[in-house]
Amino acid sequence: MFRNNYDNDSVTFSPQGRIFQVEYAAEAVKQGSVVVGIASKTHAVLVAIKRNAEELSSYQKKLFPIDEHVGIAIAGLTSDARVLSNFMKQQCLGHRLTFGRNMPVRSLVDMIGSKAQINTQHYGKRPYGVGLLVAGVDESGPHLFEFQPSGMTEEMVAFAIGARSQMARTYLEKNLAAFAACGREELVRHGLKALKESLVQDKELTVENTSVAIVGLGKDKDGNPKPEPFKVFDGQDVNAWIESVADDKEAAAAEGAEEGMDVDG
Amino acid sequence: MDHRPQAWGRPRDDVYGAYDASYLHSNTPKTATQSPVVTGTSVVGLKFADGVVIAADNLASYGSLARFTDVKRLRVFLDSSVVGFGGDVSDMQYLDRHLNELAIDEAYDHLTPDSSASKTASLNAANLYKYLQKLMYARRNDFDPLWNQILVAGLDGAQKPFLGSVDLRGTSFTSPSLATGYGAMLAQPIMRRVAATEEDAARLTREQAVDVVKECMKVLFYRDARSLDRYSIAVVTKDGIELKEDEQLEKQSWAFAERIRGYGTQTV
Chain A
4 MFRNNYDNDS VTFSPQGRIF QVEYAAEAVK QGSVVVGIAS KTHAVLVAIK
54 RNAEELSSYQ KKLFPIDEHV GIAIAGLTSD ARVLSNFMKQ QCLGHRLTFG
104 RNMPVRSLVD MIGSKAQINT QHYGKRPYGV GLLVAGVDES GPHLFEFQPS
154 GMTEEMVAFA IGARSQMART YLEKNLAAFA ACGREELVRH GLKALKESLV
204 QDKELTVENT SVAIVGLGKD KDGNPKPEPF KVFDGQDVNA WIESVADDKE
254 AAAAEGAEEG MDVDG
Chain B
7 MDHRPQAWGR PRDDVYGAYD ASYLHSNTPK TATQSPVVTG TSVVGLKFAD
57 GVVIAADNLA SYGSLARFTD VKRLRVFLDS SVVGFGGDVS DMQYLDRHLN
107 ELAIDEAYDH LTPDSSASKT ASLNAANLYK YLQKLMYARR NDFDPLWNQI
157 LVAGLDGAQK PFLGSVDLRG TSFTSPSLAT GYGAMLAQPI MRRVAATEED
207 AARLTREQAV DVVKECMKVL FYRDARSLDR YSIAVVTKDG IELKEDEQLE
257 KQSWAFAERI RGYGTQTV
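Top to bottom, those sequences are chains A and B. Quick note on numbering: the first sequence equals residues 4 to 268 in this note's numbering. Quick note on numbering: the second sequence equals residues 7 to 274 in this note's numbering.
One thing to keep in mind: the hints can contain errors.
Claimed, not checked - Derived EDC-like pairs (lysine to aspartate or glutamate); straight-line CA-CA distance at most 16 Å:
hint, chain 1, residue 1, chain 2, residue 2
1, B, Lys166, A, Glu211
2, B, Lys78, B, Asp235
3, B, Lys78, B, Glu251
4, A, Lys64, A, Asp237
5, A, Lys177, A, Glu200
6, A, Lys229, B, Glu213
7, A, Lys234, A, Glu71
8, B, Lys220, B, Glu253
9, B, Lys166, A, Asp223
As the list claims (entries may be wrong) - Which residues of chain A face chain B? A partial, calculated answer using Cβ under 10 Å:
hint, residue
10, Gly103
11, Asp223
12, Asn227
13, Lys229
What the hints assert, rightly or not - Chain A residues, not near chain B, derived (Cβ > 12 Å throughout):
hint, residue
14, Phe23
15, Glu26
16, Glu30
17, Pro68
18, Arg99
19, Thr101
20, Asn105
21, Pro107
22, Arg109
23, Phe182
24, Ala184
25, Arg187
26, Phe236
27, Asp240
What the hints contain is simulated information worked out from the structure, not anything from laboratory work. Note that this is a predicted model, so its numbers are computed, not measured. Yeah, the Cβ is synthetic: ideal placement off N, Cα and C, and Gly gets one too.
Isolated chain A (complex conformation) (with noise of 0.2 Å):
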């Protein structure tokens, strides 16, 4: 019935020093579709593969906005994920209430790295089953950070979660040194192509199952800094990225990419 004596709850060390529960909890994560994110020094990018449960079915989404300035890609359970979705969107607005400012992304990943790292130290609760990407800006730029169930957070220059995203982090990890001076189009073809490393044989990117969110600096009319607010795009509004990335158009794509590429509105 059970793997051993030492994973009936997330409060049980194993002989090895393991706790079961929150392993389980890592391997949920790994159940859920790819999740891609890059940052640059101006951007960052959330790509991720959407699964519909059946043919009749709508896609599950993977993107969610949190505030203007911060966003999550999510690999696990969907349900979990809406959990601490919901607190990140609280605590960004209460933190915009009393201090007038956008909530710093780390502050905001450590205040969920906190709240998933005491369900794993109490009886009768369970770790959440779901990884995060959270990709933000804020007054010190963009940033990106990975979640896990066990409370570990840390920061990404790139990074992949989910089912094969290893393809993906190996992908990430060749092009790891061009990512920085990447404008916003380069880095969204660099996460679709780190995606397409971590596709099934016969799956392909469409404008059905792939969404792109951004996220970067920008200014407004007076020019001071405000935030490029973090957009999903799905369906038609991706279809130009796919293209640009698509096998028979990866040669020709160092030229003439950069025009007619314009998706934003």
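Could you slot chain B onto chain A? The hints should help.
Leaving out everything else, chain B in the frame of chain A:
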């Protein structure tokens, strides 16, 4: 031997007599500050082209007694803003400790591997003003107000000069020139002569603004019986804060006092 836990650690009744627990539960309801006790008087602040000047004297009065003459009523927040306190001094000290905690949390949150970037992200004067506004209003809704009038001077998110006022009720507003307490009556008209609007204030030089504020401090010392001739003055600009905490009023002239009639010792 009494084994009941209630008796543990208490003086023994058979030795000391019955324990008088009456002080543990008073019959009166919980009370909050109904009036300030040791108080600071006016704070004055004035914006200029690329910063803000703020000043307050170093006196803490106990009623009409000039009780403490070396109380610094301007405090620096995160090396980027200055907060000036009028009103109750103990509540000022509480707020000072509270703001210290806030500053430490904020500095900790923005600790980055390369410490050069740590300055870029932190609470500016506008953020601090908003926070104090919420804090003061929450306390007044608890019917336990912090009995202060506060000026916040610094720069806002766009690096423009910022000057805001919050009082014990949470009432808050910004203006090119601000003064609390007696200063609202005596100093404001003087500052408005040179900075009636934001545009006027944006044309003021630093020297002009400092001179006007010093003039205000002098007038306040002439006419405010709870004031002192030693004062603190701070100038906040992009380059940082210049805070002087032991200034002496200069070039006082009490000639006008001769002409005051109607009270005092004169007989005519």
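Hold the hint about asparagine 227(A) up to the distance rule: shortest CB distance to chain B must be less than 10 Å.
Hint on asparagine 227(A): holds, closest Cβ of chain B at ~4 Å, below 10 Å.
Any Cβ of chain B at or closer than 12 Å to aspartate 240(A), or is the non-interface label fine?
31 Å, holds
12 Å cut-off, C-beta based - proline 107(A) kept clear of every residue in chain B
6 Å, violated
Distance restraint between lysine 166(B) and glutamate 211(A), which requires alpha-carbon spacing of 16 Å or less
47 Å, violated
Say whether it holds or is violated: asparagine 105(A) keeps its Cβ farther than 12 Å from all Cβ of chain B.
Incorrect as stated: the minimum Cβ-Cβ distance to chain B is 10 Å, not above 12 Å.
Glutamate 30(A): least C-beta distance to chain B exceeds 12 Å?
32 Å, holds
Take a quick look at proline 68(A) and tell me if its Cβ sits farther than 12 Å from every Cβ on chain B, holds or violated.
Proline 68(A) is indeed farther than 12 Å from all Cβ atoms of chain B, at 21 Å.
Assess, step by step, whether the Cα of lysine 234(A) is no farther than 16 Å from the Cα of glutamate 71(A), and give holds or violated.
The given pair, whose Cα atoms are some 9 Å apart, holds under the 16 Å limit.
Per the stated criterion, does the least C-beta distance between phenylalanine 236(A) and chain B lie above 12 Å, as a non-interface residue requires?
28 Å, holds
A cut-off of 12 Å on Cβ-Cβ distance, and arginine 187(A) was said to be off the interface with chain B. Does that hold?
Nearest chain B Cβ is 22 Å from arginine 187(A), so the label holds.
If I take the minimum Cβ distance from threonine 101(A) to any residue of chain B, is it greater than 12 Å?
Violated: least Cβ distance 5 Å, not greater than 12 Å.
With a cut-off of 10 Å, does the beta carbon of glycine 103(A) approach a beta carbon of chain B closely enough for the hint to hold?
4 Å, holds
Consistency note: the structure conflicts with the earlier hints numbered 1, 6, 18, 19, 20, 21, 22.
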